[in-house]
Amino acid sequence: DTGVSQDPRHKITKRGQNVTFRCDPISEHNRLYWYRQTLGQGPEFLTYFQNEAQLEKSRLLSDRFSAERPKGSFSTLEIQRTEQGDSAMYLCASSFGDFLGGELFFGEGSRLTVL
Amino acid sequence: AQKVTQAQTEISVVEKEDVTLDCVYETRDTTYYLFWYKQPPSGELVFLIRRNSFDEQNEISGRYSWNFQKSTSSFNFTITASQVVDSAVYFCALSGWNTGNQFYFGTGTSLTVIP
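Here the protein sequences line up with chains A and B, keeping their order. Position 72 of the first sequence, counted from 1, bears residue number 72 in the numbering used here, the numbering being contiguous throughout. Position 72 of the second sequence, counted from 1, bears residue number 72 in the numbering used here, the numbering being contiguous throughout.
Everything labelled a hint here was simulated from the structure, so no lab data went into it. Careful: at least some of the hints might be erroneous.
Pulled from the structure, derived: some chain A residues nowhere near chain B, Cβ distances all over 10 Å [stated by the list, open to error]:
1) D7
2) G16
3) Q17
4) H29
5) R64
6) T76
7) G85
8) D86
9) F96
Derived list of chain A stretches under chain B, where covered just means 3 residues or more per stretch with a C-beta under 8 Å from a C-beta of chain B [to be verified]:
10) 41-47
11) 65-73
Residues from chain B that face chain A, not an exhaustive set, calculated with beta carbons under 7 Å [what the hints assert, rightly or not]:
12) Y33
13) G43
14) L45
15) F47
16) R50
17) N52
18) F91
19) S95
20) N101
21) F105
22) G106
23) T107
These numbers were taken from a predicted model, which means no experiment stands behind them. In this text, a Cβ means the ideal position worked out from N, Cα and C, and glycines have one as well.
Next comes chain B alone, as it looks inside the complex:
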């Protein structure tokens, strides 16, 4: 079975603080892909990053960084020096080799950055 768990429902931080969004996944596939999407108040889901199961290198893109650890089945997302524009719902998603083309999304973490 494929499952994505985002235990943090809502997070509030003050602007310029760092924040980490947690994502834990379950899959029986050995080949799979993990994603993060951002859904701002306007509603359109925006792709942020993709990692495949064979690449555990952490990645940094500007203020965003991702920590992929297969040993703990986690793919966490950190925003450094948060800004008000980061306020959104963030979804972690999983696509597995044996699940065809279905992407499994977590329930999302609503991040509010307070000015």
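In isolation and in its complexed conformation, chain A is listed as follows:
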């Protein structure tokens, strides 16, 4: 059973460029989450999918951010016109079932550095 995988692990980009991150959740998991973590902070919720439907988005998520999960399997998170403040670790997590308190299984994250 493979865990949650994220790609790329590291991305360095110049301000104003677009970047895309991919997340492959655990295969039977219907729930998929994106979180952002900055140095010294806990993960902050960005968005949530149940199967292919994006059910929740954080107010933190500006219009430059978009996420998809087209077939209810892998997901992509795109950031357009990156800003230095977007530099962070982007974490993907998945879980199974309709149970609210189901534990999240996290990937190793994609670290973004915006120069």
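Keeping the supplied structure of chain A fixed, place chain B upon it in accordance with the hints.
Frame of chain A, contents of chain B only:
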């Protein structure tokens, strides 16, 4: 509002000492779930435990134990006979019935176990 506070930013202990990590939470939900996650230097958050708001029984798992007290809104985590491998950042998290699928994380406690 949902909030998790981990007042201890950094803790250092000598190997074999016991250490307690504090977590205080705020929620208006009557149904909620509390979690502890471990983030080792490799970066991947690892699930440790989940408790629901109706179960205040303390739990022990090997060298780990958890003390959940609704009266003080606390969910503390104790490591007995600490080991160097316990060195990591530990996060407490909250998921509430009315907050949908958002998990709220504390800012984490960085534990260093000195050999």
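Hint-by-hint comparison with the structure:
1. D7: Fine: 14 Å to the nearest Cβ keeps D7 of chain A off the interface.
2. G16: Consistent with the label, G16 of chain A stays out of reach of chain B, its closest Cβ about 27 Å off (over 10 Å).
3. Q17: Given that every Cβ of chain B is farther than 10 Å from that of Q17 of chain A, nearest at about 24 Å, it holds.
4. H29: 13 Å, holds
5. R64: The claim holds: R64 of chain A sits with its nearest Cβ about 21 Å from chain B, beyond 10 Å.
6. T76: 19 Å, holds
7. G85: 19 Å, holds
8. D86: 18 Å, holds
9. F96: 13 Å, holds
10. 41-47: holds (count 5)
11. 65-73: violated (count 0)
12. Y33: Nearest chain A Cβ about 3 Å off; hint holds.
13. G43: Nearest chain A Cβ about 5 Å off; hint holds.
14. L45: 4 Å, holds
15. F47: At about 4 Å, which falls below the 7 Å cut-off, the nearest Cβ of chain A leaves the hint on F47 of chain B intact, so it holds.
16. R50: Because about 6 Å separates R50 of chain B from the closest Cβ in chain A, which is inside the 7 Å limit, the hint holds.
17. N52: 6 Å, holds
18. F91: 5 Å, holds
19. S95: 6 Å, holds
20. N101: 5 Å, holds
21. F105: 3 Å, holds
22. G106: 5 Å, holds
23. T107: Holds: closest Cβ of chain A sits about 5 Å from T107 of chain B, inside 7 Å.
Hint 11 from the list above is the single one not met by this structure.
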